[in-house]
Amino acid sequence: MLQSLLSGDMPRSRILAVILVAILVCLALAPFLFPGVRTVDTAARICVFILLVASYDLLLGYGGIVSFAHTMFFGIGAYGVALALTHMGRGFGPIFVGAGAGAVMAAALALLIGLFSLRVRAIFFAMITLAVASAVAVLVSQMSGLTGGEDGLTFKLPRALGPAFKFGKEALGGELFGVTLNGKLLAYYFVFAGALVLFLMLLRVVNSPFGRVLLAIRENDFRAEAIGYRVVYYRVAATCLSAAVAALAGSLYAVWLRYVGPETTLSMELMIDILLMVVIGGMGTMYGAVIGATLFVLAQNYLQTLMGAASGLVEGVPVLPQLLSADRWLLWLGVLFILSVYFFPTGVVGRLRGGK
Amino acid sequence: MSDPILRLEGVCTNIAQYHILQGVELEVPRGQVTMLLGRNGVGKTTTLRTVIGHWRAHKGRVMFDGEDITAKPTPAIARSGVGFVPEDMGIFSDLTVEENMVLAAASGPIDSARLDWVFSAFPPLKTFWSSEAGNLSGGQKQMLSIARAMIEERKLYLIDEPTKGLAPAIVSTMARALKELKAQGASILLVEQNFAVARALGDTANVMDDGRVIWSGAMAKLAGDAELQERLMGLSLEAH
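Residue numbers (our numbering), protein chains in the order written: chain L, 180 to 535; chain B, 483 to 722.
Only chain B is shown next, with the shape it has when bound in the complex (with noise of 0.2 angstroms):
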């Protein structure tokens, strides 16, 4: 097996007198889809948020791509090809969606081709185009958000909660999008409350309690069987 794109090896994240990260152990494998699940409040955000720089790991080593990331500023780790995808959206929304995305393009001109996947991914957008993306809907603001992580290629994609608060309809548009993505051949560590999608996607699935990763493995496992679901995480997959 490969070396996975992304290690994290004993991180603890302090925000400010709070110990949210308390040893993290995660690995997110080349071209994989990795799921990081648990219940609110366990530290899912702010593993995704200590992998791109925005908290500094107190302790513990953050290995992307083989090269130690732990202590390089935001800018730096997302120009070496991390694209991340807030809860937040974190959308520009005094600015169009043309501006949105063009800024999203930090290397360079925006690839036509590319451009042309995101909208068939996304045909709100095209029709958006030059409109103000604080106008959009919500929906519509998600799918700005995962688009310009998905404007470039990226080494790994960070996305937190794509589907939160999204409609059914919305939601599926999402769950085909971050298919394609994966088709693709994108590695991608997801944080996701929707099972359903989670299940769908995911190939490898990272539980995790109280600032720290409980449980490791093949998604398919976790998704078959109700009674380590209930355990883990204290629900079950099949009510979802």
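Extracted from the complex, chain L is given alone in its bound form (with noise of 0.2 angstroms):
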């Protein structure tokens, strides 16, 4: 059963496993292990970003393609499940749409950039997905009367999904452990169960035999053509999929937010730390989106917490209450990432499961 729903990929390693575990422990139960508007906040986050991670590994780690575009595809998932709802109306049925709206648009685009540049050299698809992207967000921005430009779009969710919405109350008394049953904690399920589902699909992907093509490519992209695969064939096949999959996480994201700006689906900094969030985690293993987003995530949202405190703790000793001051949380968070990189060059996951 196991084996079937993780398509046999298992972790094997047993503290990657036990780690694996408490993360969908955690996630799973966020709303009522850590019940707060920030934790469960940060724990959507985390499923989100798994998705758009797992999505990215899968051009990146599993074939060997470097995009810079991934945040573009982010943000047409968030917009259409924006306009949908902006335009149609609150209900589940424009969510659905807008969701496979930009699916279909992330993948049309991805095969137009893919079929342009990766006939050549996979390197020139880097360079035009970051030109591409660079065009869609300025475009995002001028396109106020759409978009809402810079300020972004802010909609309104069914009604099931809004804070407002209350259910169980007969059952359980409107109380589950304390935690109120309302219309944001199955906001939170279902960008949960979508990241979920979609998770499992592309670890499927991976393990069947494209994905195996896949690796191949990454690895010797000539002697896959000469055993009969053709390379372009299956880069472009695999870059439309992980821009679906990315729109889809896009569109998760925007329920959750119920609000889309280029800032937040669309930036740069957005695609850098996707980027390293990959590499944290370990390329080409999926699990290591699971570990890269949740270690990053969890960094971007406590770190500043827990340097504040540490340097109320250190207040007295000379230098330290200065560089563990709140405020240098970036560059500490940059000394991680660093010590991170060096001491698992293969990723978390790469190193937990024997790599070097």
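Some clues are possibly wrong.
For each label pair, taking beta carbons as the anchor points, the in silico distance ranges come out as [as the list claims (entries may be wrong)]:
hint : chain 1 : residue 1 : chain 2 : residue 2 : range
1    : B       : PHE601    : L       : GLN182    : 25 to 33 angstroms
2    : L       : PRO388    : B       : ARG543    : 29 to 37 angstroms
3    : B       : ALA558    : L       : SER387    : 17 to 25 angstroms
4    : B       : ALA595    : L       : ALA310    : 48 to 56 angstroms
5    : B       : ALA588    : L       : PRO524    : 28 to 36 angstroms
6    : L       : PRO388    : B       : SER613    : 16 to 24 angstroms
7    : L       : MET306    : B       : ALA558    : 27 to 35 angstroms
8    : L       : PRO388    : B       : ALA498    : 32 to 40 angstroms
9    : B       : ALA558    : L       : MET322    : 40 to 48 angstroms
10   : L       : SER387    : B       : ARG543    : 37 to 45 angstroms
11   : B       : ALA558    : L       : GLY272    : 39 to 47 angstroms
12   : L       : GLY347    : B       : SER613    : 49 to 57 angstroms
13   : L       : ILE194    : B       : PRO591    : 35 to 43 angstroms
From the derived model, a few chain B residues whose C-beta atoms are all more than 10 angstroms from chain L [said to hold, decoys possible]:
hint : residue
14   : GLU491
15   : CYS494
16   : THR686
By construction, these hints were calculated from the structure, which means they are not laboratory data.
From the three backbone atoms N, C-alpha and C, an ideal C-beta is built for every residue, glycine too.
Using the hints, build the complex out of the two chains.
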């Protein structure tokens, strides 16, 4: 059962298995284990980023293709839902229409970019994606009538996913383990379930013959061609699939935030974050996305608080309070990432699985 | 005599500004092992790579099984029945031996009888079936490289220096496997620097120099004529 669910791709390390189960349990029960707006928000972001990073890993880790347009695809999905909910009214229908349209559009754009650039050399793909992503980000900022420009779009979700919607009053008194049963809880599980299902689907893809061919192409594209595989076809297919899943991750993010803007979905900073998450977790492993996204989002959300507390503890000691000042959290985040890349060159998962 | 399975007609191939092949004329008869011999850097590997489509011939024609494949893309050439074993082995080291073999059987599932035959030729592959190919020894990697070509029946096998850098025991295993392939009636174009292996396997020989085939004939004739060897290749088979 578990083998089948994970498509035969078991963690292959006891420590990794324990960490993955712990993350899964924490995410599955986040609203009950860590009640609070900020913690649940962090958990939802982790879910979305696991999916987004996993979709990028399909491209980079399995296909060996460097793309700088992943946030563009992410943004297309997010704006798809936002525009559908804005123009079609609140309801689940517009969410699915927006997410579907976003995924199709992202895949179509990826197909176009891929056919033009992947035929030659993968490096051209990276350059073209960078150019297209920048152009789309500018376009979204400029088309304020449609996209809300720099301010972005705020929209209403179906009532069932809003905080005002309460359920379980008769059976459970409206609460479970002290947590109010409301639409926000449903929205969290909507995001969690969506991310989980799509992640398992990606796991299936990379463990299918298609995934094996991608790995073969990554390692030796000429050899793969000499066996009879059309390298461009596989690269383009991986790009389209990756783009569609990134768009769906964007749709989940939009549902969670009830807002989309260029800064939250299309920025280059976000693209760099995704790259870091893939590298830290371990490229070409899928589980690396889980570890990388969890570590990164937790660090982004809590390192500042932790450092503030640590700074308070060492008050009176020379230099240390300044070094540990909460304002310097980005510096320490950078140091942490340099150290993690130094000590885990194959990523956390690669190291735990016994790689170098 | 039947049509050759492969014929190169005045093939010229440039790599960057270098004129590597300068009018190669070559025939590979059906069901025979054709040796491609010559010193290092005379264009043997480029000839194989031009046939498989990795390098494009800018002049001349490559005729395979009666069809002009000069401009065909590599995957199409491979799918039309050409198995290629490159000099650098080209195994997929992140994949298991099994996955390497499954990928090589591009036309469908592996035939179990054929797999048994491959295992009998290269027993270590059965032992390390589920191991990552990157963990194999050099000789085992070469076995895997050839086994991948052998896993499906091909119309033509292009094999580039299969015994290069291998221990004598492994060279014997390779030679035995290639003999079995030959016994099945396979057409093989083989680049080989080990003259003992070349003499044992080859039916016909083509000697290259400076991007051209300068001599073609029976392998037995070349093997038995030390003066000819000296003249064509600057060395004698007797020395090996």
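Now for the hints, and whether the structure bears them out:
Between PHE601 of chain B and GLN182 of chain L the Cβ separation comes to about 26 angstroms, which falls inside the hinted range of 25 to 33 angstroms. Separated by about 35 angstroms at the C-beta atoms, PRO388 of chain L and ARG543 of chain B satisfy the suggested range of 29 to 37 angstroms. ALA558 of chain B and SER387 of chain L have their C-beta atoms about 24 angstroms apart, which keeps the hinted 17 to 25 angstroms range intact. Taken as a hint, the range 48 to 56 angstroms holds for the pair ALA595 of chain B and ALA310 of chain L, whose Cβ atoms sit roughly 53 angstroms apart.
Look at ALA588 of chain B against PRO524 of chain L: about 33 angstroms separates their beta carbons, and that is inside 28 to 36 angstroms. At about 20 angstroms, the beta-carbon gap between PRO388 of chain L and SER613 of chain B stays in the expected band of 16 to 24 angstroms. A hinted range of 27 to 35 angstroms for the beta carbons of MET306 of chain L and ALA558 of chain B is consistent with their spacing of about 29 angstroms. Remark: the range hint 32 to 40 angstroms for PRO388 of chain L to ALA498 of chain B is upheld by a beta-carbon distance near 36 angstroms.
Distance hint for ALA558 of chain B and MET322 of chain L: a CB-CB separation of about 44 angstroms, consistent with the stated range 40 to 48 angstroms. The given range of 37 to 45 angstroms is respected by SER387 of chain L and ARG543 of chain B, whose C-beta atoms sit roughly 39 angstroms from each other. In this structure the hint that ALA558 of chain B and GLY272 of chain L lie 39 to 47 angstroms apart at CB holds, the actual value being about 46 angstroms. The hinted range of 49 to 57 angstroms is satisfied by GLY347 of chain L and SER613 of chain B, whose Cβ atoms lie roughly 53 angstroms apart.
The given range of 35 to 43 angstroms is respected by ILE194 of chain L and PRO591 of chain B, whose C-beta atoms sit roughly 37 angstroms from each other. Residue placement check: GLU491 of chain B keeps its beta carbon more than 10 angstroms from all beta carbons of chain L (closest about 22 angstroms). With a minimum CB-CB distance of about 21 angstroms to chain L, CYS494 of chain B clears the 10 angstroms threshold, and the non-interface call stands. At the 10 angstroms boundary, the C-beta of THR686 of chain B stays outside the reach of chain L, the nearest C-beta of that chain being 24 angstroms off.
Comparing the model with each earlier hint shows no violations; every hint is respected.
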